[in-house]
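Q: Go by the hints and put chain B onto chain A.
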Amino acid sequence: MLELYGKRFTSRMLLGTAGYSSPDILRQAVEASSAEIVTVSLRRESARARTGQGFWSLIEELGCRVLPNTAGCHTAKEAIATAQMARELFGTNWIKLEVIANDDTLQPDLFGLVEAATVLTAEGFDVLPYTTEDLSAAERLVAAGCSVLMPWASPIGSARGLINKTALQSMRAYFPDTPLIIDAGIGTPSHASEAMEMGYDAVLLNTAVAKAGDPVKMAEAFAKAVEAGRLAFEAGLIEPRDMASPSTPVAGTPFFKIDHAS
Amino acid sequence: MSAPLSIAIRGAGVVGLWQALTLARRGHRVTLTERSTERLADACSPYAGAMLAPRCEEESAEPIVREFGERGIALWKASYPGIVAKGSLVVAPPRDRALLDRFARMTQGAERLDSEALAALEPELGPRFGTALYYPGEAHLNPNAALTFLFEEIEKAGVVLQLDTSEAPQGADLVIDCRGLAAKDALPTLRGVRGERVVVRAPEITINRPVRLLHPRFPLYLVPWGDGLFMLGATVIESEDAGPATLRSALELLSAAYALDPAFGEAEILALGAGVRPAFPDNRPRIIPSRGYIYVNGLYRHGFLLAPVLAELVADYVDTGAVDPEVFVADPAQR
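Protein chains in written order, with my numbering: chain A, 138 to 399; chain B, 2 to 336.
Some hints here could point you the wrong way.
As the list claims (entries may be wrong) - Among the chain A residues that face chain B by a calculated CB cut under 10 Å, a handful are:
hint: 1; residue: 160
hint: 2; residue: 190
hint: 3; residue: 294
By construction, these hints were calculated from the structure, which means they are not laboratory data. Backbone N, C-alpha and C fix where the C-beta goes; we use that ideal spot for every residue, glycine too.
Just chain A, same shape as in the assembly (with noise of 0.2 Å):
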């Protein structure tokens, strides 16, 4: 089981709720990926008179935990003005906490993050950082009271998968009792798999699936690619090697062949 700050969820496939093409293919991908947690970004505005209301009422329908992000924040200032009125709203104290550097690259801001997730926390926040790999930046998270973390697997929409492995595995190694989910960059199943392989505890992702030509086919998709790749962690890959390894005993067959040609 999946366990997030005291909860547990069977599905290890978190799905954020932006881009799809009504609600309703929303609900359907949602009910395909058996995810029990979605993502919603608030915009501020729509918060202030509840004028989002509609829409979120459709997410609340959907009888998932709801979690939502401070999506579009550029200073830790504006996330936790986010994150509070995301508390009021939906009443939870989860909160998936974005601090975006760079509107082109869309680049957490891990100074920012941490400042935010300190104050965050403080005030009784359960906070999910989106961060990227990198393990000061992760510790300190870690050190300001969030105890799950959000790494990258590349830019937020690029669907370019796990493009740095190597470090993804360090942090996987260096963290090995937080919750990790990969968090943005996911474009394929195979890409949400390989991640779970590595021992992730879960994925989230949104845009492979909203903007797939079928995106409910292809939540189910996702859901049994994060499925194969949770079996095969658990069940112990085997380790690449450099040479052929034979399947079938070799005993009783000859080591060498006699070359009748020459």
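A: Same frame as chain A, now just chain B:
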């Protein structure tokens, strides 16, 4: 047809206007009521892009939008001389070409243009974008001119227009409710989706047909309204706030326009505003008939494209009882 009926239509936006016109032309006695004291004061129709782009829309819309949309263009052409049928274009910045491939994959009937072919259609865009998708069958219009035309036509067709009227009409044989988001009182699954748009004047820019600029976060479309006017739109925000455009949305739209053609830097901003589109959870339009009362709603981003088609379908239902299962919803739980 059946004997002429006395029909009251609620809501004088593009849906109610087309509904009134279609039924009046078929010989029914039509009254059109509207809650606002001035024409279009509370309607989202004036904020529409009014692109008639059934194929482009299929990138994110259900196939029904394309199927009905083709008929929508034909109905506009048959009635409205102001329609401009020059097709439409889709372009992407060089590093976002992948979005262009996706757009082509999700839609039908695109012609892939190279730089030369694009320049032949739109000289200002050819060198800048190098390639484009062209949808030759599409059209566009200026929504304000088209709405003015519809008001004139319903008057000619004998429709009685009553402004400043909120209550449901009494005594009509049939009421057709085209109130958009205001019908939420009776249609609880209806939600509003905010769209912001900018109107600019840039007489030195010549762009002849709607252009969509793809971007992962700041998509833009531009509709030439003629006389040097361009409409830049439109955000799609899950919000029912009809208040003024935000600075962020304005920045997004204006900088995307600048990226499309830097000459927009010199344009004058004439209007910045927002409307709220009515939508059901599947973003599909619905006709919901019950005894003596019919709701026509949920046209979402496709009000101008689909209004004439739904008006015909309702008129067919009134005259012959014909029901198109694609849009007629009888189940009250689906409201």
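Q: Just pull the numbers of the violated hints for me, sorted ascending.
A: Hint check: nothing fails, all pass.
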